[in-house]
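Trainee: As you go down the protein sequences, you meet chains S and C in turn. Reading the first sequence from the start, the letters are residues 1 to 459 in my numbering. Reading the second sequence from the start, the letters are residues 460 to 918 in my numbering.
Away from chain S, derived, C-beta distances all over 12 Å, residues of chain C:
id, residue
1, Ala485
2, Thr525
3, Pro664
4, Arg746
5, Ile899
Derived DSS-like pairs: lysine-lysine, alpha-carbon spacing no greater than 30 Å straight-line:
id, chain 1, residue 1, chain 2, residue 2
6, C, Lys715, S, Lys80
7, S, Lys129, C, Lys468
8, C, Lys539, S, Lys96
Source of the hints: derived by calculation from the structure; they are not laboratory data. Ideal placement from N, C-alpha and C gives every residue a C-beta, glycine not left out.
Number of protein chains: 2
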Amino acid sequence: MKNTNIPYKIYLSEDELPKAWYNVRADMKNKPAPLLNPGTLQPMGFEDLRPVFCDDLIRQELDDDTPYFEIPAEIRSFYKMYRPSPLVRAYCLEEKLQTPAKIYYKFEGNNTSGSHKLNSAIAQAYYAKKQGLKGVTTETGAGQWGTALSMACAYLGLDCKVFMVKCSYEQKPFRREVMRTYGASVTPSPSDTTNVGRKILAEHPGTTGSLGCAISEAVEAATSVPGYRYVLGSVLNQVLLHQSVIGLEAKAALDKYGVKPDMIIGCAGGGSNLGGLISPFMGEKLRGEADYEFIAVEPASCPSFTRGKFAYDFCDTGMVCPLAKMYTLGSGFIPSANHAGGLRYHGMSPILSQLYHDGLMEARSVEQTAVFAAAEQFARCEGILPAPESSHAIRVAIDEALKCRETGEEKTILFGLTGTGYFDMVAYERFNDGTMTDHIPTDEELAPGFAGLPNVPEK
Amino acid sequence: MKNTNIPYKIYLSEDELPKAWYNVRADMKNKPAPLLNPGTLQPMGFEDLRPVFCDDLIRQELDDDTPYFEIPAEIRSFYKMYRPSPLVRAYCLEEKLQTPAKIYYKFEGNNTSGSHKLNSAIAQAYYAKKQGLKGVTTETGAGQWGTALSMACAYLGLDCKVFMVKCSYEQKPFRREVMRTYGASVTPSPSDTTNVGRKILAEHPGTTGSLGCAISEAVEAATSVPGYRYVLGSVLNQVLLHQSVIGLEAKAALDKYGVKPDMIIGCAGGGSNLGGLISPFMGEKLRGEADYEFIAVEPASCPSFTRGKFAYDFCDTGMVCPLAKMYTLGSGFIPSANHAGGLRYHGMSPILSQLYHDGLMEARSVEQTAVFAAAEQFARCEGILPAPESSHAIRVAIDEALKCRETGEEKTILFGLTGTGYFDMVAYERFNDGTMTDHIPTDEELAPGFAGLPNVPEK
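If we strip away everything but chain S, and leave its shape as in the complex, we get:
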């Protein structure tokens, strides 16, 4: 064990919980492109978005200038039930890898949703409640977001309707029961309960679903019943704003011990965790106050950053949502059925897409058997059984630490451990049995998704 004064886990006190979320857009020279109306191709304003989203959340979504948004007291009270989350020094992993690197991870899995998703779920549910709504609808992939939203809605007494990507619904029957325990209704998507679901089922019988498809159904369910709005667990600017609490806490914890990370690594599906984790550090980089290396890690089977196009695209399969400019594989893209866990969205946060496009961060793709090997190694020395999503970041953190062993560099690596894998045991079982496979889509397999991109003229 290395001799050091840094504890295994750095906890902030509840008084040190951030009092405001940080909006990285305020420090970006090139702002993320606006959402467009899919019919008129005009930027969507407050009134355009009101049928779908809650008012206060639209204000957050559209605000590229305000650097800080105060966290309402009610949300801070809820945060105190599971936050501040620990920043952990991975002493055991470092020793196992025999690396001179110093590895830290911000662990967001110590709450029943099993991930960081709760940070934005309570915020979105709070604003829905404040607006006097009856309930919210949403989609969920791996199930963390749906669970998080169910918890937040149970706490506030809101109705919660979740459309769950069918393959996850089948792989994770127990996630459904957690959501039901919190009083939510859960429907496998595509379903025959919406027009868009019936249309997708007719066109693609036997489909295992996709996030893009579940989003379409949830939006339809929200807009066809009075008193409901749609909420989303990733991709949107507002979500990255709420998730900045991760990075703000991580930075405060590191600052306490005078530690500055060289490299910050996070898994990226829609970008909620990565965007939240890196936001305050990226702000320093954008303001020229510090430099960091940022690495987004995505599955090779759903490679939006590394093989996608930076273009306006539909956020959903049913094409009922606004268009967003982002790195995308096309809204028709559905990852191979052997893909485990989340990180299966065809697009990527417009904020992160712009930052990546501007060369402010890197991206890597990794294959899932390598990811589960990292997960197992991590679990056996650090004790925590990681979510498959989080394990993408673990894979690259281990790879970088092993490079340090070769070069002798004492880099400080920070990664986001977004959640736990307790509901991913079907995937772990496949890995334990040696039956897990990898799938890297060929260019031919990616072509149809790209062919479906809408034709939006450059300004």
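Please build the complex by placing chain C on the supplied structure of chain S, with the hints as guidance.
Mentor: Same frame as chain S, now just chain C:
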């Protein structure tokens, strides 16, 4: 929300992690009765126990006098990966119940084993490793202990063989995969891999197993192969010693804020959590320094304290283990198949049995539908999805808080939240569907277990 200066979660620093376990036997006037050789009925000494247990653990088991045992540095290092665990003020539950009572819970579920079991697993694995053994064998009921032991063995590089009670093995297939991810082998019990398992299967075809039966198999597996010993997650004195870390931390956290609980509540199966939680408080009571009300909560379907006999009994169904004097339903007792989760052991810790016999603590039994109703209520306001076992304590804590609402008493209630219910979703599903039932055994159903008690003359 009540106005108070006590945070939602009281965390001790890693420096405040207890440096020694507390042995409550040192302060007991009436010591727990010694283990007896089932053949000779003579007390078993160090040499008698060596074929089954690790040497250092036997020393701890037999020592009724030493009040503190130093926690080895290696175990403290491991503890630091998930301890100190939080002591939580249940502000939201208090508000929901509209009670003047102040409710605290010591939450032991924030580790991958999902419970407090890891506290003793790492200690037992450490002493096995120190003795140069190849591996250990054990039984597991609900699966927490097996998972905990798998994690500890993976960390130390020990082989781990787990016999899992068959009904849990079937109800909780994913628990098996967690254990396998940590490198353990898992066998449903009764199995045809041991003599005693084959005998039980022949006598009771179709049995869903019991802890007592799995213990017999694990002991046989340990004693029939060189380099192995048997380890146990509850009941034994050594386990309560290790688990005292729960109570020591809880007491230190409360002392920081000058809080003295009136009432301490814990679920009781074999007694590991309850014994650990109450130990330092019971020590004060035994020494006449303070008074507390202690309540053991057990399932009505397996009521060792409330309907059992205080007598010498076999610890296992196969009658290969030493005899222990305890509250017991008889080693042949198997709870009804509708019983969910752990707390299904026929006996009870000899230490707790003696304390209960001496009037130093109370016991109550509760029915499982009432337990799951408390679990759901707790989950929806406190956020954490509790284990069925832990929810027994929640049930009584809520009942006591509601009594305070009637009387106006501002009692301070502390209960042990031993773990999370992520692997108990089959049981939650039954509760959500309204198909969960209760079973209180009749006197006739209890009679065969009592009839099988060994005939041990009183000294």
